[in-house]
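> Take the sequences, apply the hints, and build the full model.
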Amino acid sequence: MPTMSFTDLTKHYGPVKALDGFTVDIASGRITAFLGANGSGKTTSMRLLLGLSEPTSGSATIDGRAYRDLAEPTRVVGAVLDQGFHPNRNARNHLRIAAAQANVSASRIPVVLELVGLTEAADRRVGGYSLGMRQRLALASALIGDPTILVLDEPFNGLDPEGITTLRNFLRHFADSGGTVFLSSHLLAEVAHSADDAVIIDHGRLVASSPVATLVAGTSTAVITTPDVDVLTAALQARGGTVTRTGPDQVTVTGLDRDVIGRTAAGAGVVILDMRGDGDDLETIFAALINDKERPS
Amino acid sequence: MTRLIRIELLKLRTTPALYVTLAVTVFFTVVSAPTTILLAGQQGSPAAGSLENVSKVLGVSGLTTMVMLVLGILVIAGEYRHRTIMGAYLGEPRRGKILIAKLITVAGIGAVLGAAMFGLVLAIALPLYASKGVHSLPVDVASMWLGCTLATACFGLLGVALGAVTRNTVGAVIGALIWIQAVELGLLQTLIPSMAKWLPAGAGVAVTAIPGSDTQLLQPLAAGLVLVGWAAVLSIVATGLAHRQELR
Numbered sequence: 001m002p003t004m005s006f007t008d009l010t011k012h013y014g015p016v017k018a019l020d021g022f023t024v025d026i027a028s029g030r031i032t033a034f035l036g037a038n039g040s041g042k043t044t045s046m047r048l049l050l051g052l053s054e055p056t057s058g059s060a061t062i063d064g065r066a067y068r069d070l071a072e073p074t075r076v077v078g079a080v081l082d083q084g085f086h087p088n089r090n091a092r093n094h095l096r097i098a099a100a101q102a103n104v105s106a107s108r109i110p111v112v113l114e115l116v117g118l119t120e121a122a123d124r125r126v127g128g129y130s131l132g133m134r135q136r137l138a139l140a141s142a143l144i145g146d147p148t149i150l151v152l153d154e155p156f157n158g159l160d161p162e163g164i165t166t167l168r169n170f171l172r173h174f175a176d177s178g179g180t181v182f183l184s185s186h187l188l189a190e191v192a193h194s195a196d197d198a199v200i201i202d203h204g205r206l207v208a209s210s211p212v213a214t215l216v217a218g219t220s221t222a223v224i225t226t227p228d229v230d231v232l233t234a235a236l237q238a239r240g241g242t243v244t245r246t247g248p249d250q251v252t253v254t255g256l257d258r259d260v261i262g263r264t265a266a267g268a269g270v271v272i273l274d275m276r277g278d279g280d281d282l283e284t285i286f287a288a289l290i291n292d293k294e295r296p297s
Numbered sequence: 001m002t003r004l005i006r007i008e009l010l011k012l013r014t015t016p017a018l019y020v021t022l023a024v025t026v027f028f029t030v031v032s033a034p035t036t037i038l039l040a041g042q043q044g045s046p047a048a049g050s051l052e053n054v055s056k057v058l059g060v061s062g063l064t065t066m067v068m069l070v071l072g073i074l075v076i077a078g079e080y081r082h083r084t085i086m087g088a089y090l091g092e093p094r095r096g097k098i099l100i101a102k103l104i105t106v107a108g109i110g111a112v113l114g115a116a117m118f119g120l121v122l123a124i125a126l127p128l129y130a131s132k133g134v135h136s137l138p139v140d141v142a143s144m145w146l147g148c149t150l151a152t153a154c155f156g157l158l159g160v161a162l163g164a165v166t167r168n169t170v171g172a173v174i175g176a177l178i179w180i181q182a183v184e185l186g187l188l189q190t191l192i193p194s195m196a197k198w199l200p201a202g203a204g205v206a207v208t209a210i211p212g213s214d215t216q217l218l219q220p221l222a223a224g225l226v227l228v229g230w231a232a233v234l235s236i237v238a239t240g241l242a243h244r245q246e247l248r
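One line per chain: the protein sequences are A and B, in this order.
Each step along the first sequence adds one to the number in the working numbering, with nothing skipped, and position 218 is 218.
Each step along the second sequence adds one to the number in the working numbering, with nothing skipped, and position 23 is 23.
Heads up, a few of these hints could be off.
Residues on chain B that point at chain A, a partial pick, calculated with CB under 8 Å [unchecked claim]:
1. Arg3
2. Lys11
3. Met86
4. Gly91
5. Leu247
Hint data in this document are derived by calculation from the structure and do not stem from the laboratory.
By construction, the Cβ of each residue, glycine as well, lies at the ideal position given by its N, Cα and C atoms.
This is the structure in structure tokens:
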């Protein structure tokens, strides 16, 4: 059973269609990146999942149940959206409230403070926190109930490089321990480092949903220099790649992972003098997918 | 519900609003009661122990009701202002329960504040009156004490309901104070007293007034019922809206 399901989810704000039949399943035990331009429907989807908005039609469920039907929801799902903090309350007291809301012991507070590196600043007013510290406190609040699912809206925002690395490592550890992470981000390079799967949304509709590695393999291009152009072309075409001759000793290959290309060439006894990747970063892939969708057929 | 009420109390204990509220109320109570007694009979003011003088000294509910109205607004509209309401609704998605917990919490604090401030005024006033030779007061102290407690609790409820409906701290506080002080007490009670007595401020004044001191007001018992009615109706409207309003 998928951990989270969006089924034909539609949300209208007056004449604006924020979501239009959005359907996707988020697998458990993986980090799934939720990608899309500003206003594409990412935050709306997350808010509907968490019961903060009501859908016009369709459903968003967690293990088959609506968020509001979970007995102790923050012990199942930890969320970082744009929830705020009272500026005159210190972090420890904020977490005392979060712990009470999750119905967990206050003994979780030092644990999550340590986890996000806020132990030293725990008794300072949140109003004096930097954006990065607020992000870490938001993550601590999400973790207070020791949930198995994390729903994070732009969690890397405001973090310094060290904070990004720490969060990335934490999320990997969380997923490797069986947890599920569903995170939206506009930092595509960062997501490429962190995520197992990617869900791409545009204008409220699903554009793509697959493992990041498959997306990269499916849309990346390799430019290969070889003295055996014809043999390599035939071998790669036999593996399903699209091969275009771009020079007397050069071909451009799309649709195959570079690892597959190298092994195929070796199997065919072809010498590769040079192989360069082109367009195998998520930003290029994202742009290509969005453009493909928008191009009239 | 007990857990939600404990959370509301924890929220109040960990921000300055409650302490400022208490400090302001105690300060004005401590300053105003002795001043009124000590200056009694001077420059044309009513004599110490007279009905008018005692009515003014014990009229602490005029302060406590306004303070609780503002605190009630802050308790809910402040959550929208700082966006902490999202965390509250993530913890308890059945939003009505959160609002009910806030209503119960604020009503309880209002009742305690109203009773305590009236008690404080009495504690200050009785020795001062005794020093001026006044040994019995020409009012039903118990009835006024009860009225102050009830009115303060009800105005807390009105504040929560108003804050939940408007979701705007500044707008709700300014709007409420203008409505009560200028529209209800300033205009309507002068121009249309027959209508004004049925409104929240009119009922709030009547519930703490000395019976028969103002023929334009409802009797305290009727005023108490009217005030509870207003608090209940607005609370139900606010709870209904909490279920339906989008959190954006």
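> Take the shortest C-beta to C-beta distance between B:Leu247 and chain A; is it under 8 Å?
5 Å, holds
> Measuring from the C-beta of B:Arg3 to each C-beta in chain A, is the shortest one below 8 Å?
At 7 Å from the nearest chain A Cβ, B:Arg3 passes the 8 Å test, so the hint holds.
> Should the interface hint for B:Met86 be scored as holding, given a Cβ-Cβ cut-off of 8 Å against chain A?
Cβ of B:Met86 sits 4 Å from chain A, so the hint holds.
> Taking the least C-beta to C-beta distance, is B:Gly91 closer than 8 Å to chain A?
Check passed: Cβ of B:Gly91 comes within 3 Å of chain A, closer than 8 Å.
> Against chain A, run the beta carbon of B:Lys11 and see if the smallest gap drops under 8 Å.
Holds - the Cβ of B:Lys11 comes within 8 Å of chain A, reaching about 6 Å at its closest.
Checked against the numbered hints given earlier, the structure satisfies every one of them.
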